[in-house]
Amino acid sequence: MKGLILNIERFSIHDGPGIRTVVFLKGCPLRCIWCSTPDGQNMFPELEYFSHKCIKCGRCIDACPKKAIVKLNDEIVTLRYECTLCGKCVEKCLSGARKIVGKEMTVEDVLKEVEKDMVFYSSSGGGVTLSGGDPISQPEFSAAILKMCRERGINTCIETSAYGDWGSLAKMLAYTDFLYVDIKHIDPLKHKKFTGKSNRKILKNIENISKSYPDMPVVVRVPVVPGYTDDMENIRAIALFVSGLGKNFKIELLPYHRLGIHRYEALSRPYLLRDLMPPPHEHIKTLKRFIESYGVKVIMS
Amino acid sequence: MFPRIELAIKRLRETKPSVCLEKAKIMTEVFMQTEGEPLVIRRAKAFREICRRKTIFINDGELIVGHPASKVNAAALDPDVKYWVLSEELDTIHLRDTDQFLITNEQKKLFKEFIEPYWRDKSFWDTFISCAPEDLRQLVEAGVLILTNGRETPNHGLLAPNYELIIREGVNSVRERIERKLASLDLSIPGNYEKWVYLKALLIVCEGIVELAKRYALLAREKAEVEKDPQRREELEKIAEICAHVPANPARNFWEALQSLWFYHVCLQIDYNDSSNNPGRVDQYLYPYYKRDIEEGRLTKEQALELIECLFVKFNEIMYLSDKAYKIVAGRARFQSINVGGITKNGGDGVNELTYLMIEAMKELKLPEPHFGIKYNKRRNPDLLLIKAAELVMLGTGHPQFFNDEAGIKYLMGWGIPFEDAYNWSVNSCKDLTLMGKIGGPRIPASINLGSAVELVLTNGMLRKTGSRLPVPQTGDPRNFKTFEDFKKALKRQLAYLIKKAAELANMVETIQEEKYPYLVASLSFEDCIENARDCMAGGAKYNIAGEISSVGHADLINSVIAVKKLIYDEKRITWEQLLEALDKNFEGYEDIQALCLTAPKYGNDVPEIDEIAADVIQFLCQETKKYSGRYGGKRVFAGAAAAVHIYAGSCVGALPSGRKAWTPLSDGISPMQGTDVNGPTAVLKDASKCCLDVFYAPLLNMKLDPSLFRSEKGIQSFVSFMKAWADLGIYHIQFNVVSPEVLREAQVRPEKYRDLMVRVSGYCTYFVDLPKEIQDEIISRTTHRLS
Ligand code: SF4
Ligand code: SF4
Chain A
1 MKGLILNIER FSIHDGPGIR TVVFLKGCPL RCIWCSTPDG QNMFPELEYF
51 SHKCIKCGRC IDACPKKAIV KLNDEIVTLR YECTLCGKCV EKCLSGARKI
101 VGKEMTVEDV LKEVEKDMVF YSSSGGGVTL SGGDPISQPE FSAAILKMCR
151 ERGINTCIET SAYGDWGSLA KMLAYTDFLY VDIKHIDPLK HKKFTGKSNR
201 KILKNIENIS KSYPDMPVVV RVPVVPGYTD DMENIRAIAL FVSGLGKNFK
251 IELLPYHRLG IHRYEALSRP YLLRDLMPPP HEHIKTLKRF IESYGVKVIM
301 S
Chain B
1 MFPRIELAIK RLRETKPSVC LEKAKIMTEV FMQTEGEPLV IRRAKAFREI
51 CRRKTIFIND GELIVGHPAS KVNAAALDPD VKYWVLSEEL DTIHLRDTDQ
101 FLITNEQKKL FKEFIEPYWR DKSFWDTFIS CAPEDLRQLV EAGVLILTNG
151 RETPNHGLLA PNYELIIREG VNSVRERIER KLASLDLSIP GNYEKWVYLK
201 ALLIVCEGIV ELAKRYALLA REKAEVEKDP QRREELEKIA EICAHVPANP
251 ARNFWEALQS LWFYHVCLQI DYNDSSNNPG RVDQYLYPYY KRDIEEGRLT
301 KEQALELIEC LFVKFNEIMY LSDKAYKIVA GRARFQSINV GGITKNGGDG
351 VNELTYLMIE AMKELKLPEP HFGIKYNKRR NPDLLLIKAA ELVMLGTGHP
401 QFFNDEAGIK YLMGWGIPFE DAYNWSVNSC KDLTLMGKIG GPRIPASINL
451 GSAVELVLTN GMLRKTGSRL PVPQTGDPRN FKTFEDFKKA LKRQLAYLIK
501 KAAELANMVE TIQEEKYPYL VASLSFEDCI ENARDCMAGG AKYNIAGEIS
551 SVGHADLINS VIAVKKLIYD EKRITWEQLL EALDKNFEGY EDIQALCLTA
601 PKYGNDVPEI DEIAADVIQF LCQETKKYSG RYGGKRVFAG AAAAVHIYAG
651 SCVGALPSGR KAWTPLSDGI SPMQGTDVNG PTAVLKDASK CCLDVFYAPL
701 LNMKLDPSLF RSEKGIQSFV SFMKAWADLG IYHIQFNVVS PEVLREAQVR
751 PEKYRDLMVR VSGYCTYFVD LPKEIQDEII SRTTHRLS
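So the sequences go chain by chain: A and B.
Those letters in the first sequence? Residues 1 to 301, by my numbering.
Those letters in the second sequence? Residues 1 to 788, by my numbering.
If you're looking for bench data, these hints aren't it; they were derived computationally from the structure.
Glycine is no exception: its CB is placed at the ideal position from the N, C-alpha and C atoms.
Just to be clear, a hint being listed does not mean it is correct.
What the simulated footprint calls covered on chain A by chain B, stretch by stretch (three residues with Cβ under 8 Å from a Cβ of chain B suffice, anywhere in the stretch; the number is not a length) [claimed, not checked]: (1) 5–17; (2) 89–97; (3) 108–120; (4) 252–259.
Just chain A, with the same shape it has in the complex (with noise of 0.2 Å):
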């Protein structure tokens, strides 16, 4: 079985227990607006541009057997839709100011580059873990993965949106140890807004896992986007939400970063943040005490 693979990081130790190997998996559900990896979006392979990298040597133009690619008052310019993801143009150009994003793999060559750091893994209590984009958008194949790395005594962790079809959810979760999963807004309309989607699936879903599986550890992830989720009242009510799921669960608050911005640019999509600065360090604090005041455990990375 084969899978779309963003890249493959070893050593986080962000991402669940111990030091972890995480698989970045291409495709995602929702759209949120202040998504910092917009590489991990759509499940289909990329071209990336680093205009800050390219020298304008035009080596690149020679070599696109598609013509894709265009020098425009002195801006190199690649047409998208004429290119067909060949990579030429790739291999030619000297700066690394071109790139591919999105790799097939087989879950054996996953389990492969996954397997390299046991040594670390028995050392920590760490293992792997399925992020990306998001695991849900591929399922039988993240599920695969999973169920590999727990034959192999691999301990397991999700990232995921929760949104889709239970049934996909469960496939996965049937292999998993550790489960992050994102709550970005409580108001259904608001995350329709930003993310693309209503958030109806997704709380369903959570109330789901909360009764299926009781013993599992749960990170709920809440992004604080400044103007966007940042407010009391969706804290409180996520807050409040969380709290009545049981002690499984604890709240990690993401404070909002502008880390991926170039990448926007890089796959030639607009970034609609542009002006929007990271919350106070202060604000994360008060909106921490403010979650542990309705009993629920909060952590910060």
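Based on the hints, put chain B with the ligands in the right spot on chain A.
Coordinates of chain B with the ligands only, in the frame set by chain A:
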């Protein structure tokens, strides 16, 4: 911070390093007066005379006193080893780019008229050049082989004398032992006269040490008499009392033990003012003194910490005169290694309160010396040791280095050393293993430049730097290598030849060392040297392990072989013709070939096909090296290079198939090539662990670390787990460079210097200099925040 420590650090910062010629002058005088006497006697007399006449001083506030030269940050010249440093740089040494030394006009005159004329043609290098076989000389001058005491690399003593013996027994009791031995010598037996002379020399050295300490006692008393501040007066009186007692007599308390240690260190530096006199396992042998004082209420923890800091600061006041090539190393590393942690005689946990106090001291001082190492024994040492160590790592001072205790014990036991000695190993200079007072030298007589080895195969025996042919086998024009196997065969032939040449060089170095440079002060604390009446540099120590053949450019070699295999043979993307042309031109105008070379798989990323080739080549090198024996018995071992040699070695090597450009530094130890370890720290460890560590001796591993790791408790825990895995993997050494916000800011301004700086950005590991300014600023602000 303690006020006196603050004062000492200020003094360090504000005193410009300078040249000191007192030793050179006195030594020259004594040598002129003693022509005709045996060398050991002349050296001993010179030493004693220096102890009697050298300028001595006690700095304000200091509790531990003594310095080998005439003032703080002054570097004494060893005229017999390297007078030529000044011959060549007399008028420019104060103007070098880095590591400048002040020199006065009188000193210049003294050097030109008195010191140089006597020592001209008598240095280590002169001796080497005058009697080296032509081919060896050429290989050394080309940088293919590297001479430890040579011109271009720092001069290393590489010894761990037994400081503990001096502290515990005192020099007087050593003297008695020498006298007993002398009395027992039957001079009618051939060879015994030589021993008699040697022991006589040691006695003279003992006199020198004791007299020097007495002079400090007097000085302290004089200073006490005129001191106005009552508290300082009391301290000076105390110092006078201590210096009157140690190191002649056994230390009676913690303070005396530290002062005794320091006096011995000063005397070692007077004997040879080079780097790498290593006090070793200080937390172990100082602990009894500490414990007794604490138990008897004579000392508080706070006072102990202050004394330790006073001692540690002193290591920084010592300078040695580096030659001009040393500027490419930059920084004034003196490699005075001390270690904490490890295990006790009975195999129990060696970590004690002093271990933690010393880590604390290093944290407060943030100074480059001593060279601080933690011997971590996964089975015995507590996690707390790693947690405390993490607090030191995150400061980004480069301290501590970690050494895998079990790996060290295994190395030594592999040499036939029993556990009862092997458990007590300590670090020699930057990373080698030794036993205090038990393993003699010289330890690294010769090194081989693996980058050159590759170059010589590609050029069929020609040195790119000069375009001249070297006296090495011509393994054929690479264009005619039909298969990868042909190439590998040629490479192995060249490597085998160079290893043999390195063994020849090592023999030569060991012979010159024994004949010309006895280590008398060090040998005093080698019990077997007295018993055998033989110097520790002449096979007199308990264990005389064969000097290693060290190597530099490990990753460059592996990466070059892989690139050739991939690009020319497996994927046929370029021809030999193209590659050789590009290398010839240092990739200029051949950027696409360089780009191809750079994209070939690289060592340090946990890629199985590389491991196989790496293992094959390293195994081969180790086996070849084992064919040769040391001067004092035992088989030679193949080892990873000492710190900083990679810079000099790189300056001798042209462009390589790995994509590395000409004259740039080679890779460091078994660390990956700069900027090619894109799979993160665990992959680097995995690859390092595959370097045939059972046979490849003591390689060095440096790793850059993102400081954000230490921001959270989870991060620290992960660091602890990471280090446990490191120990499990059997890797011998690791050291971390933690990237500070200052470094990041600097990298923004001068990206060319920081090409290999990696940071983690939302799920990606990427080069910092490749990011847009906006994102860089973001990362800097986050880094700053994390550390606050
Ligand atoms: S080849 Fe690379 S550097 Fe040259 S113009 Fe194209 S993208 Fe820019
Ligand atoms: S990937 Fe191929 S088709 Fe697309 S721009 Fe590059 S060369 Fe042209």
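> Are at least 3 residues of the segment 108–120 of chain A within less than 8 Å of chain B when you compare beta carbons?
Replying inline: It holds, with 4 qualifying residues against the three required.
>> Taking 8 Å as the Cβ threshold, is the statement that the segment 89–97 of chain A is covered by chain B upheld or broken by the three-residue rule?
In response: The restraint on the segment 89–97 of chain A holds, since 3 of its residues have a Cβ under 8 Å from chain B and three suffice.
> Per the coverage rule (Cβ-Cβ under 8 Å, at least three residues), is the segment 5–17 of chain A covered by chain B?
Replying inline: holds (count 6)
> Within the segment 252–259 of chain A, is the number of residues with a Cβ closer than 8 Å to a Cβ of chain B three or more?
Replying inline: holds (count 3)
Violated hints are absent here; each numbered hint is respected by the structure.
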